[in-house]
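Asker: Here's the letter readout for the chains.
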Amino acid sequence: MSTDVLSAPSAGSAPLATVKRIAIVPAFNEERNVGRVLDELRAIDPGLDVVVVSDGSTDRTAEVASARGAYVIRLPFNLGIGGAVQTGFRYAWEEGYELAVRLDGDGQHDPGELRLLVAPVVAGDADLAVGSRFVEGRGYRSSPARRVGIRILARVVSLIARQRLTDTTSGFQACNRRAISVYAADLPHDYPEVEGMVMAIRHRIRLVEVPVTMREREHGRSSIGTLASIYYMIKILLALFVDLFRRDVAPLEE
Amino acid sequence: MTPLKISIVATVVSVVLLLVVFELIRSRRLRERYALLWLATGVVLVVLSAWRGGLNTIAGWFGVRGYPPAVLFAVGLLFVIIVLLHYSTVISRLADQNTILAQRLALLEAKFHEKE
Numbered sequence: 001m002s003t004d005v006l007s008a009p010s011a012g013s014a015p016l017a018t019v020k021r022i023a024i025v026p027a028f029n030e031e032r033n034v035g036r037v038l039d040e041l042r043a044i045d046p047g048l049d050v051v052v053v054s055d056g057s058t059d060r061t062a063e064v065a066s067a068r069g070a071y072v073i074r075l076p077f078n079l080g081i082g083g084a085v086q087t088g089f090r091y092a093w094e095e096g097y098e099l100a101v102r103l104d105g106d107g108q109h110d111p112g113e114l115r116l117l118v119a120p121v122v123a124g125d126a127d128l129a130v131g132s133r134f135v136e137g138r139g140y141r142s143s144p145a146r147r148v149g150i151r152i153l154a155r156v157v158s159l160i161a162r163q164r165l166t167d168t169t170s171g172f173q174a175c176n177r178r179a180i181s182v183y184a185a186d187l188p189h190d191y192p193e194v195e196g197m198v199m200a201i202r203h204r205i206r207l208v209e210v211p212v213t214m215r216e217r218e219h220g221r222s223s224i225g226t227l228a229s230i231y232y233m234i235k236i237l238l239a240l241f242v243d244l245f246r247r248d249v250a251p252l253e254e
Numbered sequence: 255m256t257p258l259k260i261s262i263v264a265t266v267v268s269v270v271l272l273l274v275v276f277e278l279i280r281s282r283r284l285r286e287r288y289a290l291l292w293l294a295t296g297v298v299l300v301v302l303s304a305w306r307g308g309l310n311t312i313a314g315w316f317g318v319r320g321y322p323p324a325v326l327f328a329v330g331l332l333f334v335i336i337v338l339l340h341y342s343t344v345i346s347r348l349a350d351q352n353t354i355l356a357q358r359l360a361l362l363e364a365k366f367h368e369k370e
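In order, the protein sequences belong to chains A and B. The first sequence maps to residues 1 to 254 in our numbering. The second sequence maps to residues 255 to 370 in our numbering.
Bear in mind the hints are in silico, worked out from the structure with no lab data behind them. Hints may contain errors.
Partial selection, computed: residues in chain B whose CB lies under 7 Å from chain A [said to hold, decoys possible]: (1) Ile279; (2) Arg280; (3) Glu286; (4) Gln351; (5) Ile354; (6) Arg358.
The model shown is predicted, which means the values in this text are computed figures rather than measured ones. All C-beta atoms, glycine included, are put in the ideal place defined by N, C-alpha and C.
Construct the complete structure from the given sequences, taking the supplied hints into account.
Answerer: In structure tokens, the structure reads:
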């Protein structure tokens, strides 16, 4: 990671990059949060296209996003975060985008940190940059059970990746064309971040973590409860275990 | 006491079940999500088949005196019922989604032909 890019003063609304770029924003019933996210994205980089994937929302998420000029894809029913995000990556792939940033519609990912996140990808040092809450050991308010889960997953994925990773559940990611093609072709459905990272690594995607601070969501509650967390944890560990016995990785579209 | 032959056969069958489920996941013909119940079934059956003392104890709890392997069948049946019930909910959801997809497609097609 080249530090001169990171320490460069962020010049107002100077573009994040000169390439064709897009932000992928999955949103499920986020009418109260998604508007602010889109406004912030516009302020950070007016040349950044935005696709909002409304994952079977029953509120006004799609209308709010559409009114702010985002390209809105309305899924006919809830596919889950993986299916929604993959829809965005498919769109980015088909429309020929060179750089895609994924951030959640609930506002927990700060568009103000986009510049930091995309830097290693734009510089060509990595194919995939993942915003991590833990690289610098910053405090993060989350339930203890979830923190333990996140730490276990980080350990397991680090072992498989042979690379130290601290935050495998982060949905704040920047991708170049190669990483877009991997995610467009195959992204696990229920809880895609962890398995997606392992899959990307198996495709020899160069991955770096970038320290970020995540915000508390402003309205509403996270869609994942404690019981669901335990279920996901078991499911993911099973998936990772089985994956160790696979020779083939999913085919690339390119 | 459970006859040894039954224990051996039941253990082998349960292990084969586990291996088949594992291979189905590995070859991507079964999603992890739907495999969890089958894996739980397999693990419980392996344990009860191989651990003969445990099976006898559990049989004792339920007052099954003559033939402890009956508990094995009961547990197996219970899991099959749970799996089937789970599939019924999955099929219901798929049917609903299928309806929505058909409606969306028909609406799109109608709009498409209108423009021709």
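Asker: All hints are to be evaluated individually against the structure, with a verdict given for each.
Answerer: Now for the hints, and whether the structure bears them out:
1. Satisfaction of the interface hint for isoleucine 279 of chain B is found here, the shortest Cβ-Cβ separation to chain A being roughly 5 Å, below the 7 Å cut-off.
2. Contact between arginine 280 of chain B and chain A, as hinted, is supported at the beta carbon level, the nearest pair being about 5 Å apart and thus within 7 Å.
3. For the restraint placing glutamate 286 of chain B at the interface with chain A, the shortest Cβ-Cβ distance is roughly 5 Å, inside the 7 Å limit, so the hint holds.
4. A cut of 7 Å between beta carbons decides the hint on glutamine 351 of chain B: the least distance to chain A is about 5 Å, and the hint holds.
5. Hint status for isoleucine 354 of chain B: holds, given a least beta-carbon distance of 5 Å to chain A, under 7 Å.
6. Interface hint status for arginine 358 of chain B: upheld, as the beta-carbon distance to the closest one in chain A is roughly 5 Å, under 7 Å.
Violated hints for the displayed structure: none, as all numbered hints are satisfied.
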